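**Student:** Chains as they are written, first to last, in the working numbering: chain W, 1 to 322; chain L, 1001 to 1162.
Source of the hints: derived by calculation from the structure; they are not laboratory data. None of these values were measured; they are calculated from a predicted model. Don't take each hint at face value.
[What the hints assert, rightly or not] Pairs of lysine to any residue residues, derived as SDA-like cross-links and limited to a Cα-Cα distance of at most 20 Å, are as follows:
1) 1050(L) <-> 1121(L)
2) 44(W) <-> 75(W)
3) 1124(L) <-> 306(W)
4) 1125(L) <-> 65(W)
5) 274(W) <-> 1027(L)
6) 274(W) <-> 1144(L)
7) 1125(L) <-> 16(W)
8) 274(W) <-> 1128(L)
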Amino acid sequence: MSEEYIYAVARVRSREASLLGRTDLERLMSCPDEKECLRVLRDKGWGSGDSANSPEELLAAEEEKTWDFLWELTKDTAPFAPLLLPIDGNNIKAAIKCAATETEPRGIFLPGGQWEPEEVLRMARERDFSRLSPALAQAAEKASQALLQTGDSQLCDVLIDRACLEEILRQGRESGLPVLERYGEWTVATANIQTAARACKAQKNRQFLELALAPCQSLDVNALAEAAQRGMEKLLEYLNTTPYAEGEALLQRSASAFEKWRDDRAMALIQGEKGEYFTAGPLFAYAVARRREIDTVRIILSGKRNGLEDDRLRERLRETYV
Amino acid sequence: MDWNTMGIVFALLGAVLATFLAGIGSAVGVGMAGQAAAGVVTEDPSLFGKALVLQLLPGTQGIYGLLIGFITLTQIGILGGDPNISLAKGLLYLAGCLPIAIVGLISAKWQAKTSVASIALLAKKPDQFGKAMILPAMVETYAVLALLVSILSIFSIGGLAI
């Protein structure tokens, strides 16, 4: 029995009480415009206290608050790997491209990864990625070399993305936390499906698919690549034989419908952490819940800004944790 | 070795185990619940009183163990009186102490887990304190039953003609 996280989980439980629920989202939905939404959010304590903040600044402040809180509870980044690795992946790709083109980065790095963007940029410029985890370092080295030799930035992206997915799976398995393993498997499998669907539409060759798809337990990536090669119909047929059959119809409808299903199912995967009190699982669940909450608020604000109809906006809203 | 003189040794071992094991259970339990209570109070200091009650619940087993230990010491003559008791009686005292020693240790740990969960409940719904307190208190039942058996045993052994 791990007792290391009892204090942290208790604090997270207290914070969960202030997460936005369905009623709060309905209240935001009923606001006539973006300005009113922002006022409601500020009344709930969102933002940095500066009423002149733009919507993006307000959301960024919330993201920052979440991570400040979580880093106060633990210095261990492992329980948050599925959320941090995509950020690191983005920063590694951006750094490699900046280093290859000898340009200065401008607004391309994302905050909140495991490694500071400046450090990643320095690694890319020195072509020494040894401070990254071995798998990521190897992929970064390979991607950097590929970009310099071929100038193919997509190849660079594919190599890093796949390494990140494999790292999510590995860290999930090694964490000993069932929630991280489940979430990692879900993340990787759905990312594979999306990649296969995009590759199918863009008529990418088999070699591309083999490079891009990360092997996971719930999907046979060879069969997925084979199906994607033979066209969208075959791909959907194959998906029907997998645990992801429910997503098949949504993939047919639209990419955003598939993404909403992916996010909602991921949210269902972490619900079990509400009954966990001794491990880092609830911390991870809280981080996911906050990120999803911020994404949902972003969707509402953007919808209000662009005058999107309520029904269409409602279709895009994600399930909440509470 | 004269086994007839070993009665007092086993009887004292019983008293020690009752105090020691039940005390360990409570120390671990109160520690665990205390961490959870500290977490909740960090976020909302007004919950200190309620969280403290929930933290203290796994502490009772240690008190029960101490009580049995004290009664045993009194009965076997360690705290005054005649400490010459037969081997059979010594073993009976040891057996009489075991219910609270073992059940105290295990129930304190499980009660602590329930207390931690109840403190989390309190964090989310402070108005549900009554319900949050009943849940770990249910575990207490079994510690009380063990205490009862230990008390009845210890008080009855003295009167046995063995």
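**Student:** Failing hints, ascending?
**Tutor:** Those not satisfied are hints 2, 3, 4, 5, 6.
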